[in-house]
Amino acid sequence: MIDFRVDRPIFLQLAEAIEDDVLDGRYAEDGQIVSTTDLAVTLRINPATANKAISCLVDEGVIYKRRGVGMFVAQGARDRILKKRRERFRKDFVDPMLHEAAKLGIAEEHIITMIKERGRVT
Amino acid sequence: MTTIAVKNLSKRFGAIRAVDDVSLTLETGKIYGLLGRNGAGKTTLLNLMTKKLLPDCGEVAVGGRNIALHDAVLSQVYHMTDKNYFMTDKNYFPSSRQVRTLFRWCQTFYPQFDLAYAESLAAKFALAQHSIPAQLSTGYNTILRAIMALASNAPVVLFDEPVLGLDAVHRDLLYRELIANYSQKPKTIVISTHLIDEVAEVLEDVIVLREGRIALQQPVEDLLEGVYAVAGATDKVNAFIAERTDIGSETLGGTTSAMVMSRLTSADRQAGEQLNLEFTRVTLQRVFIALTNQQGVLP
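Chains C and B are the protein sequences, given in the same order. So in the numbering used here the end of the first sequence lands on 122, straight run, no missing numbers. So in the numbering used here the end of the second sequence lands on 299, straight run, no missing numbers.
Derived by calculation from the structure, the hints in this document are not laboratory data. In this text, a Cβ means the ideal position worked out from N, Cα and C, and glycines have one as well. One or more of the hints may lead you astray.
What the hints assert, rightly or not - Using C-beta positions, here's what the derived DEER-type ranges look like: (1) Thr3/B - Leu104/C: 23 to 33 Å; (2) Asp38/C - Glu198/B: 16 to 26 Å; (3) Thr113/C - Asp167/B: 50 to 60 Å; (4) His130/B - Asp92/C: 30 to 40 Å; (5) Thr138/B - Asn51/C: 57 to 67 Å.
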């Protein structure tokens, strides 16, 4: 289940949640995705919002539709999502962290040390 | 497909202009939120749209036919009325009869009424069909009226306070059933409510009434994309909003949060970052409060 936040449009958050499911392997390539009606009812959102999220994913080549059958994860979807997310990683995660660190007066070397001590996240 | 067109509609009660020159079009296949503070004219507007009240001037057309001239088109509109109104749907049906009898009566007025669906909804909400509305709680009376509205299968369904007296579990269930119903049989739905945050994601378009007039009508997503909040040190926020339209600011200690009615551009973002300001999106409820409180500035 998704806990929607205020900071971004709902359709984007839904599209990203589906992308996360593909990244984590919960949806396999060529695997079927739940219908927009099920998404709308379960998440209690307007069906048009669910459709908008799906349209985005279709445009990005993550999902394809088969008329009368349903929606499926496209071949190569995982790689496309990975590429996009990696490009955004710095802006989405590194920049805000450095911003917060600057506010708290944490030096760059200290951050690097913390990352090394933390080790690899599995 | 049934659209509702309201043209220059007005209704006065004594000196009060309850509905004041309102024009709007409701398209098929959308869920509208009708929002407004107490006394803004929401209930009067819905009552005028279903001929429970006659307007002083203006007209309402359902599917292109003027309701003043064609009574029959009103069978395409189901109105779950405000409980407190003198001529409620509660009064259409004798409240001393059992729920199952009311369902069958509803079928005579709305030929497309889906009895099996009404019964399944009653079971989901644990509303016993042998119960008698007069003996039901406020919440269960609301549930009964909402079930009849959903099962009416009318192309247009107007809900006036559909969650009045409902607990959180029943509200959640009602919203889900409403979305499921709408997905399976696309129709025009209008929801008038004060519980804005919990209905915000269900709505596609929002209509805000203020003192009997339409203050705003647009897709929820467009509205939220066209507003942002900016927070930081009071003097810096004041400097930032000096050249922008602030629709409501709050100060706590040395910090101020202001709401600006425009799209957040990258130029805005750069200007803000130089002043150490933080930008956030706002909820529909916050925009509503800013637009409808006494000091609120209309865009």
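Ascending list of hint numbers which this structure does not respect = Checked against the structure, the hints that fail are numbers 1, 4 and 5, while the rest are satisfied.
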